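Chemist: Given the structure of chain S, go ahead and fit chain V onto it with the hints provided.
Number of protein chains: 2
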Amino acid sequence: MKLSSKNLETRLDTLYDAIVVGGGMGGISAAIYLARYGLKCLIVEKGKGRSFWMQDLRNYVGLDPHTPGRDILKDGTEQAIAWGADHLRGYVEEAIDEGETFAVRVKVGKKDPTGSVFRSKYLIAASGIIDVLPQLDNMQNVYDYAGYTLHVCMICDGFDMWDQKAVLIAGTEGQINAAFVLNWFTPYISVLTHGLCSVSDAMKQKLADHGYPLYEAAIARFLGENHQLSGVELVDGTIVEATTGLVSMGSIYHNQYLKGIQGLEWDGENLITNNMAQTSHPRIFALGDLKQGLNQVSIAVADGTLAATQIWRNIRRASPPRKWEENLLATR
Amino acid sequence: MKLSSKNLETRLDTLYDAIVVGGGMGGISAAIYLARYGLKCLIVEKGKGRSFWMQDLRNYVGLDPHTPGRDILKDGTEQAIAWGADHLRGYVEEAIDEGETFAVRVKVGKKDPTGSVFRSKYLIAASGIIDVLPQLDNMQNVYDYAGYTLHVCMICDGFDMWDQKAVLIAGTEGQINAAFVLNWFTPYISVLTHGLCSVSDAMKQKLADHGYPLYEAAIARFLGENHQLSGVELVDGTIVEATTGLVSMGSIYHNQYLKGIQGLEWDGENLITNNMAQTSHPRIFALGDLKQGLNQVSIAVADGTLAATQIWRNIRRASPPRKWEENLLATR
Numbered sequence: 001m002k003l004s005s006k007n008l009e010t011r012l013d014t015l016y017d018a019i020v021v022g023g024g025m026g027g028i029s030a031a032i033y034l035a036r037y038g039l040k041c042l043i044v045e046k047g048k049g050r051s052f053w054m055q056d057l058r059n060y061v062g063l064d065p066h067t068p069g070r071d072i073l074k075d076g077t078e079q080a081i082a083w084g085a086d087h088l089r090g091y092v093e094e095a096i097d098e099g100e101t102f103a104v105r106v107k108v109g110k111k112d113p114t115g116s117v118f119r120s121k122y123l124i125a126a127s128g129i130i131d132v133l134p135q136l137d138n139m140q141n142v143y144d145y146a147g148y149t150l151h152v153c154m155i156c157d158g159f160d161m162w163d164q165k166a167v168l169i170a171g172t173e174g175q176i177n178a179a180f181v182l183n184w185f186t187p188y189i190s191v192l193t194h195g196l197c198s199v200s201d202a203m204k205q206k207l208a209d210h211g212y213p214l215y216e217a218a219i220a221r222f223l224g225e226n227h228q229l230s231g232v233e234l235v236d237g238t239i240v241e242a243t244t245g246l247v248s249m250g251s252i253y254h255n256q257y258l259k260g261i262q263g264l265e266w267d268g269e270n271l272i273t274n275n276m277a278q279t280s281h282p283r284i285f286a287l288g289d290l291k292q293g294l295n296q297v298s299i300a301v302a303d304g305t306l307a308a309t310q311i312w313r314n315i316r317r318a319s320p321p322r323k324w325e326e327n328l329l330a331t332r
Numbered sequence: 001m002k003l004s005s006k007n008l009e010t011r012l013d014t015l016y017d018a019i020v021v022g023g024g025m026g027g028i029s030a031a032i033y034l035a036r037y038g039l040k041c042l043i044v045e046k047g048k049g050r051s052f053w054m055q056d057l058r059n060y061v062g063l064d065p066h067t068p069g070r071d072i073l074k075d076g077t078e079q080a081i082a083w084g085a086d087h088l089r090g091y092v093e094e095a096i097d098e099g100e101t102f103a104v105r106v107k108v109g110k111k112d113p114t115g116s117v118f119r120s121k122y123l124i125a126a127s128g129i130i131d132v133l134p135q136l137d138n139m140q141n142v143y144d145y146a147g148y149t150l151h152v153c154m155i156c157d158g159f160d161m162w163d164q165k166a167v168l169i170a171g172t173e174g175q176i177n178a179a180f181v182l183n184w185f186t187p188y189i190s191v192l193t194h195g196l197c198s199v200s201d202a203m204k205q206k207l208a209d210h211g212y213p214l215y216e217a218a219i220a221r222f223l224g225e226n227h228q229l230s231g232v233e234l235v236d237g238t239i240v241e242a243t244t245g246l247v248s249m250g251s252i253y254h255n256q257y258l259k260g261i262q263g264l265e266w267d268g269e270n271l272i273t274n275n276m277a278q279t280s281h282p283r284i285f286a287l288g289d290l291k292q293g294l295n296q297v298s299i300a301v302a303d304g305t306l307a308a309t310q311i312w313r314n315i316r317r318a319s320p321p322r323k324w325e326e327n328l329l330a331t332r
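Chains S and V are the protein sequences, given in the same order. Under the UniProt record's numbering, the first residue of the first sequence carries the number 1, and numbering increases by one thereafter. Under the UniProt record's numbering, the first residue of the second sequence carries the number 1, and numbering increases by one thereafter.
Please keep in mind that the hints were generated in silico from the structure rather than gathered at the bench. Predicted model, so just to flag it, every value in this text is computed and none were measured. Hints may contain errors.
Pairs involving identical chains hold if they fit within one copy or between any two copies, as the list cannot separate such chains.
Listed next, the in silico EDC-like pairs over lysine to aspartate or glutamate satisfying Cα-Cα at most 16 angstroms (straight line) [stated by the list, open to error]:
| # | residue 1 | residue 2 |
| --- | --- | --- |
| 1 | 107 | 75 |
| 2 | 48 | 160 |
| 3 | 107 | 9 |
| 4 | 48 | 131 |
| 5 | 206 | 93 |
| 6 | 259 | 137 |
| 7 | 165 | 325 |
Just chain S, with the same shape it has in the complex (with noise of 0.2 angstroms):
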């Protein structure tokens, strides 16, 4: 069931089996498992996540490349709503783990200061990543190029950079090591810091042994037309020519509403998991970009998978078998 401000009341006693925090990729296949295993599952969605922006879904078997990121999402959630499972537009601001159970409270909308609680036996955490961009005066032009031409993901859309010439923005002198990769689609590589970052003499030399030009003015503007970049104009005055670009400045993690839960593993900001994409903590769950691996749409997916069916297992075991009794009557 759809829910909103106007009818999650009629959800605040219940005892989920599992509460999805982020309704991606990964959240919609978790949930779309947990319901066809007849499970009571509450996606609580806050929305305009990752793969939201993503205009081409182009490795991901069975979609038109073509299909943007949007329309699946929607897709996905009537189809787990569909099966059962219940949708919430909220803001998961903390988990609490109870013992038995998880609190999990949700602001939902502008007008709900504290938010609403709700409960369940497992959590899992679908809640992913947001990718950095560039800071400018004017952000609606990097929106008009990110996700189309200005890409965010090199496993994704390397391929569309293939051997044009690419802008590298990078907000550390680690992040610059992303050029050494990048090579592989292109070795027309200019690196920009956006004025963010010193950029070391050693790296200055490795950058120069490869070729790549190094810009350490601040971005003034991305130019181009219809999505198309053409160039980047820098506040020097300096033109970078550039048909593509990959931002490689990092990534925000939703993962805040965790920290105050013991017991969980972290690498950095993901969390560790077992082949079942089991946290440390054994009612928590983690998928995609938010664990340790690749930040694909296939993996969050296939963890999902496994996060549901772990958890159907671990409920499945410890409940009592269902009998035929009309057999059994006749029997005794």
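Modeler: Using the frame of chain S, we list chain V on its own:
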């Protein structure tokens, strides 16, 4: 490119980066990623694998749940070819580890007694399994229901059996244990052995304790119409009422071509893999149903992502970096 007996000789001198044995969902995923990493790959597909028979794919995010497997395979194959993969309809008879390369002997068509040999640096085993079905004189009668209301995968289709009268068809006593998982979805289970095994007194008692009748006579035919099961008639004339069924008779593994390769670690018929779908042989990867774990489309698709990405990393790291030569000339 689509290869056939007419044009395959144009590729006999090609050293592929990877040959993907099996063009199901995992193999196609691997090929799409490999092609988009700019790597040369060949899919060899014998046809009519497990996903080809699926009438619906109900739990894979992004697809209309009524999409038949054959449509997805067709679209995915075309997509892989469009990105640059080669595709050949044929049967892999043997793979020989030549040290740095594999020689893969493929039988193409009926007029090809010795087969053609293709070579690659890496091998991706994505040839999967096929479910054993009960053998009747009239197999068409089995195919009329298999994939519709007679299922082979409880995780995929248990939901669609909910609280229905179901037959569980098992070929060994161990396979009868599926009843005690299937009862999560429905308790109205009749167990049929199709005359294939004897059943111990302990198992008979356990089934009786659950109220699940056991029928040990062979199946004469499935009853129903329009793919909708209504019952099963046994050779002794008994009619077992059921609107759905689960076949739990094990699987045939398409892995014979790997049996001569040294250094592969097996768990029964499944290959043991690491978290990048890599087997214990550093140049062989295994996907989906051939490896340990859940036999689900989403898992196979993710495995394809992982295997292709690890192969790309290996090849990339062994390649000289591409430099921007004109800039190097300018600064020298």
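Chemist: Indicate, hint by hint, whether the structure satisfies it.
Modeler: Taking the hints in turn, this is what the structure says about them:
no.: 1; hint: 107 - 75; verdict: neither (24 angstroms within a copy, 41 angstroms between copies)
no.: 2; hint: 48 - 160; verdict: neither (24 angstroms within a copy, 33 angstroms between copies)
no.: 3; hint: 107 - 9; verdict: within (13 angstroms within a copy, 63 angstroms between copies)
no.: 4; hint: 48 - 131; verdict: within (12 angstroms within a copy, 41 angstroms between copies)
no.: 5; hint: 206 - 93; verdict: neither (44 angstroms within a copy, 48 angstroms between copies)
no.: 6; hint: 259 - 137; verdict: neither (32 angstroms within a copy, 62 angstroms between copies)
no.: 7; hint: 165 - 325; verdict: between (71 angstroms within a copy, 13 angstroms between copies)
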